[in-house]
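A.B. asks: Given next are the chains, with one letter for each unit.
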Amino acid sequence: EAQVTQNPRYLITVTGKKLTVTCSQNMNHEYMSWYRQDPGLGLRQIYYSMNVEVTDKGDVPEGYKVSRKEKRNFPLILESPSPNQTSLYFCASSFKGQGVPPYEQYFGPGTRLTVT
Amino acid sequence: QKEVEQDPGPLSVPEGAIVSLNCTYSNSAFQYFMWYRQYSRKGPELLMYTYSSGNKEDGRFTAQVDKSSKYISLFIRDSQPSDSATYLCAMRDPGTSGTYKYIFGTGTRLKVLA
Chain D
2 EAQVTQNPRY
12 LITVTGKKLT
22 VTCSQNMNHE
32 YMSWYRQDPG
42 LGLRQIYYSM
52 NVEVTDKGDV
62 PEGYKVSRKE
72 KRNFPLILES
82 PSPNQTSLYF
92 CASSFKGQGV
102 PPYEQYFGPG
112 TRLTVT
Chain F
72 QKEVEQDPGP
82 LSVPEGAIVS
92 LNCTYSNSAF
102 QYFMWYRQYS
112 RKGPELLMYT
122 YSSGNKEDGR
132 FTAQVDKSSK
142 YISLFIRDSQ
152 PSDSATYLCA
162 MRDPGTSGTY
172 KYIFGTGTRL
182 KVLA
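So the protein lines, in turn, are chains D and F. Per the numbering used here, the first sequence starts with residue 2, numbered consecutively. Per the numbering used here, the second sequence starts with residue 72, numbered consecutively.
Take the hints with a grain of salt, since some may be wrong.
27 Å max Cα-Cα, derived DSSO-like pairs, lysine-lysine [what the hints assert, rightly or not]: (1) D:Lys-97 with F:Lys-172; (2) D:Lys-97 with F:Lys-182; (3) F:Lys-138 with F:Lys-172.
Far from chain F, some chain D residues (derived; all Cβ distances over 12 Å) [said to hold, decoys possible]: (4) Gln-7; (5) Gly-17; (6) Lys-18; (7) Thr-23; (8) Asn-29; (9) Leu-42; (10) Gln-46; (11) Glu-63; (12) Lys-66; (13) Lys-70; (14) Arg-73; (15) Ser-81; (16) Ser-83; (17) Glu-105; (18) Gln-106.
Hints were generated in silico from the structure; no laboratory data involved. All values derive from a computational prediction rather than experimental measurement. We treat Cβ as the ideally placed atom computed from N, Cα and C, and that holds for glycine.
Kindly produce the complete structure, drawing on both the sequences and the hints.
C.D. replies: Have a look at this one:
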């Protein structure tokens, strides 16, 4: 089954304790992305990756790190989480398709993170 | 000012009504205008996308783009309770370095009453 998986689905942590949210896709997609979703602010892109070893900042990258060492995986790292990073996080992937109509982004089920 | 503005709702309509959802945007460089549907506790799913100004129809859904006004709409005909969800508009920002990113609206929560 084609899917994007995220782990963990729920996480409660404390300020300053480094954490990683994993994202994996089995569709051989080049493009992968992380979003956070907050009430009143909608879905905002944190980082995205056009392919292995190619990453770029979205609109809200501060406090986050990513790496893309393998095509299927795109982990999101919070080196020193703070309460303002409490949010619902989504990973998404799609074929790259530059210059052609955008391929559908497939979203994972979401990770609800609470930082106290 | 946000790059993409979308009325958050909530919007409640009776079953069978025509629903109109709208977004405005400020960056004329945006290309490819998309509508995603998000059910409660799920990730968004792509409904439709359009590129040029005009209408695109898919079953009960019609997407409309007016690039001159920087305004996009999604119409839902004969709305059903199963259409109850949050609808997000999205646009692709082509950027300047060969990469591109996506900008989403805040989403409009729709409830269709049986």
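A.B. asks: Against each hint, give a clear statement of whether it holds in the structure.
C.D. replies: To see whether the hints hold, each was checked on the structure:
1. Proximity of Lys-97 of chain D to Lys-172 of chain F is assessed by CA-CA distance (about 11 Å); at most 27 Å being required, the pair is judged to hold.
2. As the CA atoms of Lys-97 of chain D and Lys-182 of chain F are separated by approximately 34 Å, the hinted pair breaks the 27 Å bound.
3. With a C-alpha separation of about 19 Å, the suggested pair Lys-138 of chain F and Lys-172 of chain F falls inside the 27 Å cut-off, and the hint holds.
4. Its closest Cβ contact with chain F, about 9 Å, brings Gln-7 of chain D to no more than 12 Å, contrary to its assignment away from the interface.
5. Listed as a non-interface residue, Gly-17 of chain D keeps its Cβ farther than 12 Å from every Cβ of chain F; the least gap is roughly 29 Å.
6. With 12 Å as the threshold on Cβ separation, the claim that Lys-18 of chain D sits away from chain F holds: the shortest Cβ distance comes to roughly 26 Å.
7. Every CB of chain F lies more than 12 Å from the CB of Thr-23 of chain D, the least distance being 16 Å, so the non-interface label holds.
8. Asn-29 of chain D, annotated as away from the interface, keeps every beta carbon of chain F farther than 12 Å; the closest lies near 18 Å.
9. Residue placement check: Leu-42 of chain D does not keep its beta carbon more than 12 Å from all beta carbons of chain F (closest about 6 Å).
10. Non-interface call for Gln-46 of chain D relative to chain F: violated, since the shortest CB-CB distance, roughly 5 Å, does not exceed 12 Å.
11. At roughly 16 Å from the closest C-beta of chain F, the C-beta of Glu-63 of chain D stays outside 12 Å, upholding its exclusion from the interface.
12. Look at Lys-66 of chain D: its CB is around 17 Å from the nearest CB on chain F, clear of 12 Å, so calling it non-interface holds up.
13. No Cβ of chain F comes within 12 Å of the Cβ of Lys-70 of chain D; the nearest lies about 18 Å off, and the non-interface call holds.
14. Against the 12 Å criterion, Arg-73 of chain D stays outside the reach of chain F, whose nearest CB is about 18 Å from its own CB.
15. The beta carbon of Ser-81 of chain D sits about 25 Å from the closest Cβ of chain F, which is more than 12 Å, so the claim that it is off the interface holds.
16. With a minimum CB-CB distance of about 23 Å to chain F, Ser-83 of chain D clears the 12 Å threshold, and the non-interface call stands.
17. For Glu-105 of chain D, the non-interface assignment is contradicted: its Cβ lies about 4 Å from the closest Cβ of chain F, within the 12 Å cut-off.
18. With a least CB separation of 7 Å from chain F, Gln-106 of chain D falls inside the 12 Å interface cut-off, contrary to its annotation.
Checked against the numbered hints given earlier, the structure breaks hints 2, 4, 9, 10, 17, 18 and satisfies all the rest.
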